[in-house]
Structures are given as C-alpha cells and as structure tokens.
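Chemist: The chain contents come next:
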Amino acid sequence: MAKAKFETPEFRPYPVIPVIKPGVMKDSRSFVSKPGMQESLGYPGELVDNWQEVAINKLGELLTKYRSLRVYLDTCVKCGSCTDKCHYFIGTNDPKNMPVGRQDLLRQVYRRYFTLAGKLFPKLVGAKDLTRDMLDDWYNYFHQCSQCRRCSVYCPYGIDTAEISMAAREILDAVGYGQKYCNEIIEKVYKIGNNLGLPGPAIRNTLEGLEEDIKDETGVDVRLPLDEEGAEVLFVPPSADFFVEPHVDGLIGYGKVFHQSGISWTMSSHASEAGNFGMFIGSYENMRRVSMRIREAALDLKVKRIVFGECGHAWRVAYAFLNTLAGPFDFLDKRYPIPQHICEFTYDLIQKGALKLDKSANDHRRVTYHDSCNVARATRMGHKPGGQFVIPREVIKACCNHFYDMPSDTIYDETYCCGGGGGLLTDELMEVRVKGALPRMEALKQVTDDHQVTHMATICAICKSQFTKVVPYYGFDMDQIISVHQLVGDAIVLNVNEV
Amino acid sequence: MGGGNKEALMGFWTTFYALSFYVATLILILGVGYKIYQYTKTPAPLKIPTTPAPLTTGGVVIRMLLEVILFKSLFRSNKWIWLFAMIFHGALWVILLRHLRYFIDPQWVIYPIWELVELIQPFGKYASFAMLFGLLGLLARRLFVERMRYISSASDYLMLVLLLVIGVSGVLMSFVTRTDIVQFKAFMLSVISFQWQNFELSAYQMPPDSMLLVHLAAVILLMIVFPFSKLLHAPGVFFSPGRNQVDNAREKRHVAPWAIKQFEAPQT
Ligand code: HEM
Ligand code: SF4
Ligand code: SF4
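Chains as they are written, first to last, in the working numbering: chain A, 1 to 499; chain B, 500 to 767.
Treat each hint with caution, since some may be false.
As the list claims (entries may be wrong) - With a straight-line cut-off of 27 Å between C-alpha atoms, the simulated DSS-like cross-links for lysine-lysine are:
{"no.": "1", "chain 1": "B", "residue 1": "K684", "chain 2": "B", "residue 2": "K505"}
{"no.": "2", "chain 1": "B", "residue 1": "K760", "chain 2": "A", "residue 2": "K58"}
{"no.": "3", "chain 1": "B", "residue 1": "K578", "chain 2": "A", "residue 2": "K128"}
{"no.": "4", "chain 1": "B", "residue 1": "K534", "chain 2": "A", "residue 2": "K58"}
{"no.": "5", "chain 1": "A", "residue 1": "K78", "chain 2": "B", "residue 2": "K578"}
{"no.": "6", "chain 1": "A", "residue 1": "K26", "chain 2": "A", "residue 2": "K78"}
{"no.": "7", "chain 1": "A", "residue 1": "K384", "chain 2": "A", "residue 2": "K215"}
{"no.": "8", "chain 1": "A", "residue 1": "K302", "chain 2": "B", "residue 2": "K751"}
{"no.": "9", "chain 1": "A", "residue 1": "K356", "chain 2": "A", "residue 2": "K304"}
{"no.": "10", "chain 1": "B", "residue 1": "K540", "chain 2": "B", "residue 2": "K684"}
{"no.": "11", "chain 1": "B", "residue 1": "K751", "chain 2": "A", "residue 2": "K78"}
{"no.": "12", "chain 1": "A", "residue 1": "K78", "chain 2": "B", "residue 2": "K571"}
{"no.": "13", "chain 1": "A", "residue 1": "K384", "chain 2": "A", "residue 2": "K352"}
{"no.": "14", "chain 1": "A", "residue 1": "K21", "chain 2": "A", "residue 2": "K5"}
{"no.": "15", "chain 1": "B", "residue 1": "K540", "chain 2": "A", "residue 2": "K58"}
{"no.": "16", "chain 1": "A", "residue 1": "K58", "chain 2": "A", "residue 2": "K26"}
{"no.": "17", "chain 1": "A", "residue 1": "K21", "chain 2": "B", "residue 2": "K578"}
{"no.": "18", "chain 1": "A", "residue 1": "K191", "chain 2": "A", "residue 2": "K34"}
{"no.": "19", "chain 1": "A", "residue 1": "K384", "chain 2": "B", "residue 2": "K571"}
{"no.": "20", "chain 1": "A", "residue 1": "K34", "chain 2": "A", "residue 2": "K180"}
Please keep in mind that the hints were generated in silico from the structure rather than gathered at the bench.
All chains should be built: construct the whole structure from the sequences, respecting the hints.
Modeler: Okay, structure coming up:
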C-alpha cells in the first residue's frame, strides 16, 4: 500500500477535545463528476453559467419540500453541543468539520437569501453571499461528511447534519457540480445493475466458483442461486459481497444460513446491489429510481419475502425508505417484516433452534463489533427499539465464545462512523478517511489492549472496505476486519437437518 | 410627585410604550404563528427519526417531553452546557410565570391560577439571580471556548446581552430602585384591556423609573426579534423530524404530497 502524503493522527492518551485549525482540510477534495454521469442522473453536465441563481432557487425549492431542512436551518442556537462529536473534526481539527460549522456553510447562505435578518443585517447574523469560494467550500466540506448522524444524537433539537449535507449535494448536482464517485456509481447501477459494475454473467460465474469452493471445503452442496423464479426469498446483497475480501466470506455465510433454513432463495441480476447512493446525493428521485429495481426484481421473480445483506446505508434506505419509495408491497408475505435484514433472519432461526452452531469454530478469534452508523442511528431490527444493537451482537455471541464490546461511548447510538461512509470511499479522499477513522481506531486499540481482541466484525460493505484500507495506518492488520456472517458461516454445522 | 413636566414626560412614555407593546405583540404572534404555519405546511417526505426511536405516538410524546423539559440530548453531550442551559431556562420559566401577576386581574381567571401565580412569587424573585448566573455561564463559554467563538456571530452574543440587560434591570427594580408595582400593574392592565382613557390619569401611567424604561424596552426588543432569530428554537424543537417521528417505516408508507404528485399520480 502506498503511504500517503499526510500524517496519520496519533492516538490520544486521553480524550481531549481537539483545538481548531481553520482551513486545514480546505483542499481535500474529491473528483468532480463528468458530464456523461451528470446527465444520466438528470443533472447538467457541468457548472452552469447562472449557477448562483440556480443554486438559490434549488435551495428555495428544497425548503418547501423538506421540513427537516427548514427547521434545522432555523433552529440552531449555536450551543456548541455538537462541536466535538464528528469523527472528521476529531481527526482533522478543521472547524468546518464540526457539525455546526458544516451546517453553517449552508445556513449562512440561507440566512442571506431567505431570512429578513440576513437580508437586512448580514454581518450581524453571520449571513453570507453565495460566492464561488462558498460554492467550493460546499463541495469540499459537504463531501467530508459521511452522513452518519452522530451529531444529531447530541443536538438538543436533533439537528441532523446529514440532512443538510444531502440538501447541499442536491444543490451542487443541480448546478452541474456533482461528485464523481457517487454519480459514477449511480450511473453504473442504471447501466449495469450494481455499484461495482458487475454484469449478470460475471456474477453468475463468481457464484458458481464460490459454490465449488464451499463444496471443496465442506463437502456439502450449498447453493448460491441467481434469478430463480418462484423462490421464497429475494436476497439483496451489496455487490461488494460478490467480489471483495472480507465481504465475500459473508456471502458464503448467508448461503450457508439459507441452506440450513431450508427456505428457497435467490439473488437477482437486475437488483444485484443493496446499496443506494441516491441517498448520499440527497436525491429523492434517484433514490427512488434505484429502489424500484428491487420492487421490479421481487415481482419478476415472484418471491414472497425480501431480505437484505450486510450493508449499512443500504439498510437505512431499505428499512426506512423502501416502503415509502417503492411500496406498497402488498404482494409479499405480511407475516415477515418487509424488508428484513439478514441478521434478523439469522437471529430468528437461532431463536427457533433451526441452526446448529459450533462456537468453538471461532475460538481462535476474539471479537468486537462495530455498529455501523446508518444501521445504528437510522434503522431498527426486530420489534424493539435498539434491536439494531442487540440482534447482531446476539448473532455473534451465538457463534463465538469470545466477544468484547468497545468503550460504551463509541458503540450503540454513540458509535463512530468508520470514516468512509456517505460517498467518501474514494482514494482521493484518503486523508479525510484515515483521519476520520481515528476515534474508532482508538476504541479498537482499547479493546485490543484490554481484551486482546483479534477481530472487528461489522455488517456494512462500506465499513469493511474502509477499515481494510485504513486500519494498517494505525498498526492493525486488514485481516482483522470480518463480516458477521463469516463468523456465522464458520460456526454453522451443515446438513444436520437433512436425512 | 408633581411637576407638570415630569407628568407630561411620563404621558409621552406611557403612550410610546403602550404602542410599542401592541406592535411587538403583533409581530411576535404573527411572526411565530407564520413560522409554525410554515413548518406545519412543509412536509417531511421520508422517515428520519434518530434511532432508537419510539414505536408509538405516546412514546414520541415522552421523548419530546424529555427533550423539552430536561434537555436529555444535551445532557448526554455536555454537562456544562446542560447545567447553564437548565439553570437559565428553568429560571426563565419561573420568572415568566411570576410576571403573570402584572398581566392578569385576579377576577379574570378561574381558581387556582391566581393562587399559583402568588405561590411562586418568592421563588420568582430569586430565580432572577439564577437566570443571570446561567446567562453569564453561557456567555463565558461563548467568549472563552475557542470552538464556541468560532461558531458565534455578533447576534449570538447580543442575544445573551439583551437577556442580561432584561435580567439586570429587573433585579435592580426588585431589589434596589423598587418601582411602584401597583401603578405599573394599573398601566399594564389598561394596555391589555385597551382602556386608553385611563392614561389621562397619572395613576395609570408608567411609573417614572428609568430602570423600568430600560427593562421594558429590552423586553419589547426581544419580542420583536423572536420570530426572526434563533429564538425560533422554542417552536422549532417540536417540529424536528429527527425527534418527533414514530419509528414505523416498515409498517406504514409515508409519502409526501409532492412525491405523490411527482411520481405516483400518473400511474393511478
Ligand atoms: C420550548 C421551549 C424552549 C426549549 C426546549 C429551549 C431549549 C434550549 C436549549 C436546549 C438551548 C441550548 C443550550 C443553551 O445554549 O442554553 C437553548 C438555548 C437558548 N435559549 Fe432556549 N429553549 C426554549 C425557550 C426559550 C425562550 C422562550 C427563550 C428566550 C426568550 C430562550 C432563549 C435561549 C437562548 C438565548 C439560548 C442561547 C444561549 C446561548 O447563547 O448559549 N429559549 N434553548
Ligand atoms: S453526520 Fe456524521 S460526518 Fe456529518 S457532520 Fe454529523 S457527525 Fe460529522
Ligand atoms: S448541537 Fe444543534 S443547536 Fe447546538 S450548535 Fe450543534 S446544531 Fe446547533
């Protein structure tokens, strides 16, 4: 791995609040989208001449469409509660990475053009004109927000910077100043069907190869079916699960769980991607269009249930938005949650005693669990609030003898983002990503020191990719990152159900 | 008291403050009313409660009460801000209740309201010190913590200064200059009940006390800036989708009117 031109932050001996260093991340900039990508998402190809006017009008439109935006821009009292809560601020010290500092980039413009006080007394209330510098600040700093919602937990009004970032990115797209990473991926979903751009035949090949691997290893015919009409369950994994380590071991785990459950299932080449980057760019329209593929696949394959694989923001879109965007799902079996998370699915089977698990298979691992931000703070699993924390841990504990949680202010709804979410998982943002991972790495260091933890399990494709890339900067090994369903897959005792 | 000049002067101030009071009240009510109307009219097109969130409306009510009364999220975040904020807001409410005695005639209200207002008088009197303490704490934080200075604009300091002016002039009136409360109440009740003819009589005019003029001027200013400033956090907190939504996205569709119009109408 090429070492980068920035310094990896030091672990802090005790949790000090960082001093501010204005402007240090000003030039950390992701690549700008190309005209073709912009257009296939319905946006102008490049920055339009009257961008200022278009941007203000777009902001005005969003203010009438999203109560969150309107209320959040008005209500902030600058109490400072959120200032030290963002992992990007902790890692970079740039005050525009403080949640309120980030929001203010949009709020200053809102005040200037949409409030009486800002029109009459801009200096007094900190209102600013939308200049080219401001637009660039929007581009840079709203792409240094992983939309993880940690700030919203601590704000007395629940102000969610993710909502502000999404609105800002939608405005940037509307003026033709979109981000390459996100928009290229959405374009791939439209053209090919998934974020990685894997065509159907390639997926089929991979799955067949994996089936053989499982057969070689276990002697059992575990199927990984694709496009099989009439299956009970449509399973939607993030596309990284088809190809990338350690994700792919999670896919094998899902396969084994389905195999043991005896429930027929299929993946779909049409909806071969759980992720939905439409959310990252704040675009209802694109998010809806990406979501519709799942509805279409479910109808085409005549399934009765939809289950999602391990992917954090995908679960947010699935859990919180799918019904709204692509529902109603009257044609599915109402006895099961629509949609269901693979951890809920596995947990149910464990509860029913339908899986035989040999915990000792994971005895060489001492495991901790990273709560993925969007799962933790924007979704639920099971029937009780907080099930999103309990169920994955119960699944892990059913498969491992050695489980240890990280410090309590870094897990559950206080979890830190991996540092790569929200459309930041791109190489040119490596500095932001490494620095943003600092708080999570400190927590991992602590359980490593206290409990000799060897592995950090997680249920998000972005977390897995991000961590495998950045943990080496902090002296860990990329193999320490593991899918929850790899733990399940390794512990599962196959075929006891069969005669 | 006597002195024709002074009476004429107080006659002028009486008219001026009475009129300002009407204007400020109108701005406050219409301004905040318009904002609330705007928040109500703007849809929240997606379910975005910060989870774990309650699964029922009753649960949401409890969540909101914990936020509004106890500042629960703030408590989790930062004990210092929480402490000063609780002291300031708690004292503010007690003081506001105490002030009701200047605005209501015991005959206007049903039992126990007046009795309650009477009951808190002694607390209210000393709550002003708590309020000043809370405000000074918040101001000190804003001035001396680097991050706070970075996020503050002039209006953030001035808002605290304005409240301090109200508090200090209030304390001075209660404990030092001892404004004629009976006369002030006569003035206020006349304003509220539109008995303008009363203002001819000096017993119904503003008491001649410069502290009172300062105090009321600051309060009127506060009422006017309320709907245009961050004080909108008071109504705003109730409209925050992150806090007031029920976590039931899988059970219930939640489509905004604009989304239906834009995406679903053509098909149905
Ligand atoms: C529903 C009622 C209200 C709630 C839930 C509420 C809550 C809060 C909270 C949580 C803060 C942040 C902590 C802090 O900085 O103090 C705050 C700040 C503030 N509130 Fe309120 N508040 C309410 C009503 C009011 C009213 C009626 C006023 C004034 C007339 C007021 C004036 C302020 C001011 C000036 C600040 C900023 C303090 C600073 O500059 O640090 N609040 N409020
Ligand atoms: S949503 Fe997350 S990344 Fe964005 S400002 Fe808040 S804490 Fe930081
Ligand atoms: S916690 Fe909320 S109100 Fe306080 S500064 Fe941050 S965004 Fe503003």
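Chemist: What's the verdict on K540 of chain B and K684 of chain B, does the C-alpha distance respect the 27 Å limit or exceed it?
Modeler: 39 Å, violated
Chemist: Does K534 of chain B pair with K58 of chain A here, judged by a C-alpha cut-off of 27 Å?
Modeler: At roughly 21 Å apart (the allowed maximum being 27 Å), K58 of chain A and K534 of chain B satisfy the hint.
Chemist: Is K384 of chain A within 27 Å of K215 of chain A, Cα to Cα?
Modeler: Given that 27 Å is the threshold and the Cα spacing comes to 38 Å, the pair is violated.
Chemist: Taken at face value, is the distance from the CA of K26 of chain A to the CA of K58 of chain A at most 27 Å?
Modeler: 25 Å, holds
Chemist: Holds or violated: are the alpha carbons of K384 of chain A and K352 of chain A at most 27 Å from each other?
Modeler: Holds, at about 18 Å.
Chemist: Would the hint linking K34 of chain A and K180 of chain A be met if the CA-CA limit is 27 Å?
Modeler: 7 Å, holds
Chemist: Between K21 of chain A and K5 of chain A, is the straight-line Cα distance small enough, at 27 Å or below?
Modeler: 18 Å, holds
Chemist: Does K304 of chain A sit within 27 Å of K356 of chain A, going by the straight-line distance between their CA atoms?
Modeler: 26 Å, holds
Chemist: Need the status of pair K78 of chain A, K571 of chain B: alpha-carbon distance at most 27 Å?
Modeler: Holds, because 17 Å separates the two Cα atoms, which is no more than 27 Å.
Chemist: So if I understand the rule, the pair passes when the alpha-carbon distance is 27 Å or less; does K751 of chain B with K78 of chain A pass?
Modeler: 35 Å, violated
Chemist: Is K540 of chain B within 27 Å of K58 of chain A, Cα to Cα?
Modeler: Holds. K540 of chain B to K58 of chain A sits at ~18 Å (cutoff 27 Å).
Chemist: Would you mind confirming whether the straight-line C-alpha gap from K26 of chain A to K78 of chain A stays at or under 27 Å?
Modeler: 22 Å, holds
Comparing the model with each numbered hint stated earlier shows that hints 3, 7, 10 and 11 do not hold.
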